[in-house]
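Enquirer: Spelled out, the chains give:
There are 2 protein chains.
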Amino acid sequence: MTASRKILALNAFEASRAGDLGAETAAEVERRKRTIGPTSVLFYEKPLHVVSAEGVWLHTADGGRFLDLYNNVPSVGHCNPRVARAVADQVATLNIHTRYLFDVVHAYADRLLATFPAPLDRVAFTCTGSEANDVALRLATIATGRSGFVVTEAAYHGNTSAVSDVSPSSRPGKALAAHVRAIPAPIGKGDVGRRFAENVRAAAESLEQSGHGFAGLLVDTIFSSDGIAADPPGFLREAADLTHGLGALFIADEVQPGFGRTGAGMWGFERHGLLPDVVTLGKPMGNGIPIGGVVAREDLLKDFAESVGYFNTFGGNPVSSAAALAVLDEIEQRGLVANAASVGGYLRDGLRELGRLHEAIGDVRGAGLYVGVDVVGAGGAPDAQAASRLINGLRDRNILIGAAGGFGNVLKIRPPLVLERRHVDIFVDALDACLRAG
Amino acid sequence: MTASRKILALNAFEASRAGDLGAETAAEVERRKRTIGPTSVLFYEKPLHVVSAEGVWLHTADGGRFLDLYNNVPSVGHCNPRVARAVADQVATLNIHTRYLFDVVHAYADRLLATFPAPLDRVAFTCTGSEANDVALRLATIATGRSGFVVTEAAYHGNTSAVSDVSPSSRPGKALAAHVRAIPAPIGKGDVGRRFAENVRAAAESLEQSGHGFAGLLVDTIFSSDGIAADPPGFLREAADLTHGLGALFIADEVQPGFGRTGAGMWGFERHGLLPDVVTLGKPMGNGIPIGGVVAREDLLKDFAESVGYFNTFGGNPVSSAAALAVLDEIEQRGLVANAASVGGYLRDGLRELGRLHEAIGDVRGAGLYVGVDVVGAGGAPDAQAASRLINGLRDRNILIGAAGGFGNVLKIRPPLVLERRHVDIFVDALDACLRAG
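Top to bottom, those sequences are chains P and R.
At position 344 of the first sequence (counting the first as 1) the number is 344 in our numbering, and the numbers step up by one without a gap.
At position 269 of the second sequence (counting the first as 1) the number is 269 in our numbering, and the numbers step up by one without a gap.
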C-alpha cells in the first residue's frame with residue numbers, strides 16, 4: 001500500500017469496519033453504493049448525512065451541527081447569501097455558452113485579471129481545476145516544444161488522463177509516466193529552497209536525457225497533498241528562476257492556495273516573490289458553482305487556441321461568472337485575505353501551544369487558513385494511525401478536518417475563509433480533548 | 001485549410017471582415033479581446049450582445065429578440081423556471097463536494113439510472129462532457145488492456161488532452177495520434193450500416209497491426225459534428241456487434257443526442273437497438289449548470305476507480321444535481337421527447353418542402369430536434385460559402401442556427417426541446433426568404 005492509498009483509506013468510510021450506523025444512514029449508504037458507489041468514496045468511519053450548511057457549519061439529517069475545517073471550496077462561507085443571490089438572479093435571467101457578448105462574463109474577466117501582475121493578462125475559463133491544469137500542460141508543451149514535467153512526490157493536480165499522469169498521489173503503486181519526474185516536496189529542515197531547486201535541476205536533466213525535454217515545473221504553491229509547505233516565504237523563487245533559465249515554464253497551481261487562502265495576497269505565488277508563466281484556478285473560484293480557469297500571457301493562450309481550437313461549453317458561463325464575481329466581492333469587501341492571515345496565525349499559535357503539551361503533535365506548518373500538522377509517534381516518526389484516530393475523534397466531536405502528506409500523517413486544516421477566532425478555540429479545545437483521550 | 005477549420009471560420013466573428021458594429025458592440029468586442037480573447041471565438045459576422053433569455057428566445061442589449069435554433073444546452077428552455085427555482089433553493093441550502101451522503105444527489109442518481117437499460121447500472125458524475133469522455137477512454141483501456149480508438153472523421157468529443165486526440169475536428173491540419181483511426185461518418189446512400197461496420201473492422205485491424213489494439217469505438221450517436229446521421233434507425237447495430245465481437249467497448253457519446261433530443265426515447269443509442277458498454281453525458285444534463293456523467297456497468301467503473309482513485313470535486317454536487325433533477329422532471333412532465341419527435345418531424349417536412357423549391361437545399365437529415373441540412377451548389381456539391389450566407393442571413397432575420405459537417409456546408413439545427421410548430425413556421429419562412437434573396 002503506497003502513501004497516497006493510505007491517505008484515502010484514512011479518511012474513507014469502509015463498510016467492513018463500520019460500526020452501527022443506524023438504520024437511516026445504513027439505508028442511504030446502500031442506496032449510494034447501488035448508483036454512484038464505485039467512484040464516490042465517503043469520508044469518515046461514520047459518514048455524515050448532510051442536509052444544509054451555513055457559514056462554517058454543516059447540518060446533518062439527525063439534527064447535528066458540524067464545524068467545517070475541511071472544505072476550501074465554499075471559501076466565502078457555505079451558502080454565502082451574496083453568491084446565492086447572484087446565482088439565483090443569473091440563472092433566471094441568462095445562462096448560455098460564451099460565443100456571444102455578455103456583461104457579467106466580461107466584467108468578471110476584467111476583475112479577475114486585475115488581481116494578477118501585468119504580464120499575466122489573459123484568462124481561459126474552464127469548469128474545473130482539472131481542466132485548467134490539462135490546458136496548462138498543453139500551453140507548456142506548445143510553448144517549449146518539449147513534453148516533460150517535474151512535479152512533487154505526493155502531488156495532486158486533478159483527474160483528467162493527462163493530469164492524472166502528473167499527479168503521483170493518483171497513481172498508487174504505479175510507475176510514473178515516462179515524461180514525468182517526481183521530486184520531494186520542500187518540507188523539512190535546512191535550506192528547503194536550495195534543495196528543491198537542486199532537485200528540479202536533476203529532474204530536468206533526467207528529462208533532457210530521456211529525450212522528453214523539460215517543458216515545465218508544475219507545483220501547488222502551498223503543496224497541499226504533499227503535506228503543506230509554506231515557509232520561509234520566497235523559497236520557491238530559486239526553482240522558478242532555474243526553470244526559466246532552462247527555458248521551461250513555471251506553472252503555479254493555485255486551485256488550493258488561490259483566492260486569498262494563504263493570507264498574503266490573492267495568490268500563493270505572491271508569497272514567493274516570483275512570476276509564473278501560467279496560473280491555474282479552480283475550487284473556491286465560484287464557491288462551489290463549477291468554474292476554473294487558466295491565466296497566462298496572451299502569446300501562450302493564443303498559440304494554444306490556434307493549435308486545438310479550444311472551446312469549453314460551460315466554461316465561464318454567466319451563472320458561473322456571476323457566482324465568481326460575488327466571490328471576489330466577498331473576499332474584497334469583507335477583508336477575507338486579512339482574516340485568513342489573522343485567524344490562521346491564531347490557529348497555528350494554538351496548535352503549537354498544543355504541541356508543547358502533547359508529544360503526538362509535531363511540526364505545524366502553513367500560511368493563512370491552510371494549515372498542516374504532523375502527527376508523530378516515538379522519536380518523531382510519522383504516525384498515520386494516530387492521525388486517523390484524531391480525525392475520526394474530532395468527527396465524533398462534530399469537527400471536520402482531513403489528512404494529507406506522503407505518509408498520511410498530516411492533519412489537513414483548510415476551513416472557509418470566514419472562520420473566526422471563536423471557531424479556532426472550539427477546534428483547539430476539541431483536539432486537546434482527543435489527544436488526552438489518546 | 002481543413003474541413004473543421006472551415007466550420008469554425010464559417011460561424012466565427014472576424015474583426016478583419018466585420019462591418020460597422022456600432023460603438024457599444026465594438027467596445028464590448030474590444031473588452032473581450034483584452035481578457036478572454038484568445039480562447040473565446042464569437043459567433044456571426046455581427047456578434048450578439050445577449051442580456052437575457054426565455055424559452056426559445058434570446059434578448060439582446062439593443063432590444064432585439066432572436067429565435068434560438070442553435071442552443072442544445074438549455075434544452076428545457078432558456079431560464080426554465082423549474083430549473084431556476086431548484087438551483088436558487090439548493091444554492092441557498094447546501095452545495096458541497098460529494099464525500100458525504102446527500103438526498104438530492106442520490107435521488108438524481110436513482111432517477112437518471114432508471115432511464116437506462118439494466119446492465120448500465122452505475123454513474124460517475126463529472127462536470128462536463130469532456131471530462132466524461134476522458135473517463136470513458138480510460139474505462140475502455142483498463143477493461144481491454146488495449147489503447148486504440150476508432151472515431152469518425154469530423155468527430156468532436158471534447159477538449160481535454162486525451163479527448164482532443166480522439167476529436168479529429170479539433171486537430172485541423174494535423175495527423176491523428178498514433179492510437180486513433182478515423183473513419184467516414186455513416187452518411188450517404190446505400191447500406192450505411194454495413195459500410196460503417198466494414199470501416200470499423202478495417203480500422204480495428206489497423207490498430208491491432210500497429211500494436212495499440214482495438215479498445216473501443218467512440219461515436220456520437222447522432223454524429224453531430226460530422227453533419228448529422230440518423231437513418232435508418234438501427235444502422236449502428238452492426239458496428240456495435242462487430243465491436244463487441246472483437247472484444248472492444250462501444251462508447252455512446254450522448255452529450256448531444258441524449259436527454260430526449262432524438263424524439264425516440266431518452267438516448268440516441270436506443271434508436272439503434274443496441275446496448276453500449278459506456279454512455280457519456282453532458283451539455284443539456286443540467287440545462288447549463290455544469291454537470292456531466294459516465295454511465296456504465298459496475299465492473300467497469302469499479303476497476304477504473306481502483307486504478308486511479310478517481311474523484312471530481314464539483315462532479316454531481318447538490319446544485320448541479322438539483323438542476324439535473326429538474327431537467328428530468330421537465331422532460332417527463334412536459335412530454336418533451338414526444339414534442340421533439342412531433343415538432344422535429346414538422347421541421348424536417350418544412351425543410352424538405354423548401355428543398356423542392358430551392359436547388360441549394362440538399363439532403364435533410366435528423367431525428368427529433370437534431371436536424372442537418374446539406375447546402376449544395378451546382379451538381380449537388382457541398383457549398384460552405386452558401387451555408388455561411390444563409391446562417392448570417394438568418395441571423396440578420398433574428399434566427400440563430402450553426403454549421404456542421406466535414407465540408408462545413410451542413411446547417412445545424414438543434415433548438416431547445418420546448419420548440420413549437422409556430423416557431424418552425426417562423427424559421428422556414430425566414431430560410432425561404434434568405435434563399436430567395438440568394
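Any given hint might turn out to be false.
Any copy, or any two copies together, can satisfy a pair, since identical chains are not distinguished.
Unchecked claim - Once the Cα atoms are required to be at most 25 Å apart in a straight line, the calculated DMTMM-like pairs of lysine to aspartate or glutamate come out as: (1) LYS46 x ASP62; (2) LYS174 x ASP383; (3) LYS189 x GLU24; (4) LYS46 x ASP429; (5) LYS189 x GLU14; (6) LYS46 x ASP103; (7) LYS33 x GLU298.
It is worth saying that the hints were derived from the structure and are not from the lab.
Enquirer: None of the hints should be skipped; say for each whether it holds.
Expert: Hint-by-hint comparison with the structure:
no., hint, verdict
1, LYS46 x ASP62, "within (13 Å within a copy, 56 Å between copies)"
2, LYS174 x ASP383, "within (24 Å within a copy, 52 Å between copies)"
3, LYS189 x GLU24, "neither (49 Å within a copy, 58 Å between copies)"
4, LYS46 x ASP429, "within (22 Å within a copy, 63 Å between copies)"
5, LYS189 x GLU14, "neither (36 Å within a copy, 56 Å between copies)"
6, LYS46 x ASP103, "between (46 Å within a copy, 17 Å between copies)"
7, LYS33 x GLU298, "between (46 Å within a copy, 10 Å between copies)"
In the structure shown, a violation is registered for the earlier hints numbered 3 and 5, in ascending order.
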